[in-house]
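Participant: Model the full structure from these sequences, guided by the hints.
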Amino acid sequence: MPTRDSIPPGTLDMLILKTLARHRPMHGFEIADVIQQISEEVLQVEEGSLYPALQRMLIKGWILGEWGKTSENRKARYYTLTRAGRKQLESELESYGRVNAAIARILETI
Amino acid sequence: MIISELFRRIGFLLRRRHRDADLAEEMQFHQDLRERRVRERGEAQGQDAAFSAQRRFGNTTLLKETSREMWGWRWLDDFTHDLRYAGRQLRSAPAFSVIVVATLALGIGANTAVFSAMNVILYRALPVHDPDRIVYLRTTRFPRGATQSGQTDSSFSYPAFEAMREQTSVFSDVIGFAPMGGGKSPVRVDGSPEQAEADMVTGNFFSGLGVSAQCGRTFSSTDETSHAGVTVLSYGYWQRRFGGDCKVVGETMVIRGVPMTIVGVAAPGFAGVERTRATDLWIPLQDRIEMPAWGGVAPDNMYRNPNYWWLMVIARLTPDANPQQALARLNPLFLRTAYQSLPEPKAADQKPVLSFETSRGISGLRRLYRESLLMMQSMVALVLLIACGNVAMLLTARNVARSREFGVRAALGGGRSRLFRQLVTESLLLVSCGAAMGWLLTVVASRALGAWFDLNQDFAPDRTVLLYTLSVSTAAALAFGLAPFRGVRRVTATSALRASSVTASSGRERMFVRKAVIAVQVAVCVVLLASAALLVRTLANLERADLGMRIEGLLVFGLSMEKAELTIEETEGFFGAALDRVRRLPGVQSATVTWLRLGDKNSSNTSVSIDGQPPPQGQDQPVRWNRVGSDFLATLGIPLLSGRDISVADTFTAPRVVVVNEAFAKRYFQGRDPLGHEISLSGPRNPRSVIVGVAANSKYTEVREAAIPMAYFSQQAFPLRTMHFEIRTAADPSGIWPEIRASMQEFAPGLPLLEPMTQSGQFARTIASERLFGRLALFFGLLSAVLIGTGVYGTLAYTVGRRTPEIGIRMALGARAGQVLGMVLRESLIVCAVGVVLGVPLALASTHFLESLLYGVTPADPAAFIAATAGILLVALFASLIIGRQCRITTNELDGHRCHHARLRRHLRSLRGPRPARLPRRILAQRL
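Respectively, the protein sequence lines represent chains A and B. Numbered according to the numbering used here, the first sequence terminates at residue 119, and the numbering increases by one at each position without gaps. Numbered according to the numbering used here, the second sequence terminates at residue 1031, and the numbering increases by one at each position without gaps.
Any given hint might turn out to be false.
[Unchecked claim] Here are some of the chain B residues that sit facing chain A, going by a computed Cβ distance under 10 Å: (1) LEU136; (2) PHE160; (3) GLY161.
These are computed hints drawn from the structure, not numbers from a lab. Where a beta carbon is used, it is the ideal one built from N, C-alpha and C, also for glycine.
Facilitator: What follows is the structure, given as structure tokens:
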């Protein structure tokens, strides 16, 4: 069983937004699935944090939720990224990159 | 960004159920997919797959709640939930809720009602444009040598008024007004005689104040200069009498016998500037004999005479006028105008001083009632304090009883802050209900107050009063809402859930706080009761005051002649014949006429000359005088000290006579016999009259009047248009009035009887305010006593309930039931006694402020204080006795005890063995 680490706090939003940006509109299960797959099973999104995060982002207007049908004709809610969401994603990526570079520098020198 | 987010949040709130369903469905779908994935991967089969998916999801309810929290409406959810819970809690304890809400309603309602009266009388602005720039002109007096009609502090001469009018840098408008006739004027509309309150005003009355016309037009300056025969009706009068029909413009109305054309109706809400009476109609200043101001007889040319002071003045200050500076400039001018045809005043003379008075409130009443109202306001505030104390104790007691409930909530995971929020919501709910009921009470009470003050003012609560209610309610909520927290603070799950939550010492410090609260309440109540007692005694003194006349059986009414030009012969003939008729009516023992009605707060005051010489310096203050008919003293029952009464022989052709009173004789004759001397009113035209009698002092304008020199003349130099008839009868007034009316109708058809009433009723009007405040004070005193009683009762019930185990233990040790209860009751009485001891000095300090309102009692009157303390102690004793009876534990069995703890009862019964002997008091006093 590959090791599963928890998602670092504050990055869940970014991961969800990026997932939606890169791919087509998805419903909640798909988002969690994709994150898990792409991270090669390292990162697992807990349902307990996924749905609150989705609701929060809905309120903030970063994503839009629309009811649609799956391939099996089941009703599901598909999320898409809004323009505001795209902007938010960019800014979060930027700050994440900065923080990472800084951490990397510290780890290098010590 | 924020706005759109806010909109989204609101959207989520409004379509909440929809969103909830969405979320639930979404999560269910997710769970199904998870289950399928688990099955596909072979991690589990069948039911296990479902359970595994469920486990991954975790606590769905919590998840849903957490997700919903993101919407940001959690506080609203919590609040509505708290509110509903609080409602249920209160419904489950109806007695408690009703008592608390009723207590609050009384406290808040009383406060608001008194405040609304204060608002009308002291604060409310005139319903005119920009009322804060409107001021009344006031003077300290009129100059010696001048004559005055109306009220000393508000009457001005016409030349003085004109001088003010010229000061355009200070005043943008100067308006003059005067009531027509003392009392209502006779009017005829469509032939039927009626009375109406009429004012004469300058042309800029409406335009200067900023009152528009509802129908037709208002006055112009030409109306004034031409003394036009037009009239403007007030809105209220127009509604009442003319049905609110604008077609009334152009019709004719006969006012005091003079036909006038109705040219307009004033805007609603305006009823004149003298708010003690509501004006029905206005006419421009007139120059007719039948329409003198104040109903008297004007000396020659009241418009050019600087020595006749009669016109009241109200003015609008310019926007940048500074009142103090303006007065500094105006006063010298005012003095010059006042003395322009009088000799220069000497330095020692008291000269008239001009001042402004704000138009807020009701000027005539403000001085009169200001102190009384402030006192009333303090009293109701104290009552509210007591009420809040009661409510706080009730709430605390209740929360202690609910400690088990709190323990359960704590065990289930409820945080302390959540509990606080719950309690605060309950307090808020109680206060809101109390305030709502209090508001209803205010509306009712205001109407009653309005009727009482007889002001035709709208006493209904307005925005200011509403604001006041809200602030009072909030203060009350804060005062007692936080009280229960002390007890709740120390609640933990374990302590509350302990099966036997019985401790022998039962929170001694909480007991102390309770006792302190009651002691303070008792002290406050002593203050209230003492004040009430003083005011009630004042009222009793006023009502029984010796008026100097025999007032039982005296009736009075007025009659006014309509004809334009009148001669003395005509008026004498008319009133003489009328008097004859009245005297011959069955049931009438005697009758007389007077020019000014007694007990009407109006008087004529002039200086007099004795034997043709002006009185020496220091004795030339004005004398009050009246013109009276024959048998005056006899009819009124005023004792005659020497000489004789006015008799029928003193007709207008006979030599002029006058009767003076004791005070007059003392001031001007100091021991010499006044009979035979001649006096005349200052003013060269007034001829001399011979003093033929001296009467005892009696009250003239009002009950509280101090003795003042009086002269009753048999004749006047001028014909008098209106006279008041005084009738002494032994018959029942309601029986004799119809007869009088019929007789007068026969004699002078079309003339109404002006303000017919008993003379004692007329004087009673002058103490109307004392009566009101006396009764209100008594009501509040009693109310506070009742509150104290219920507070003491409630506390005792609670105490005995809490201390039942302690009582049981003492009894198991051998004390008898009666002794133990006696100990408990004694404690409560000691607390009350402490309260009284605190309260008496407090009351002494407070009643000092009442001094100006009292009559015949001192602020430290011992009888009042004894009554107050006795009252409180009686109430406390009464409450204690009721408790004693309810919780009586008979000596043979414990089951008479109606308080709680049945198990304890049985336990103790098993403990008790043979009946023990009576124990020394030491054991009773032993602290457990």
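Participant: List in ascending order the numbers of the hints, as given earlier, that are violated by the structure.
Facilitator: none
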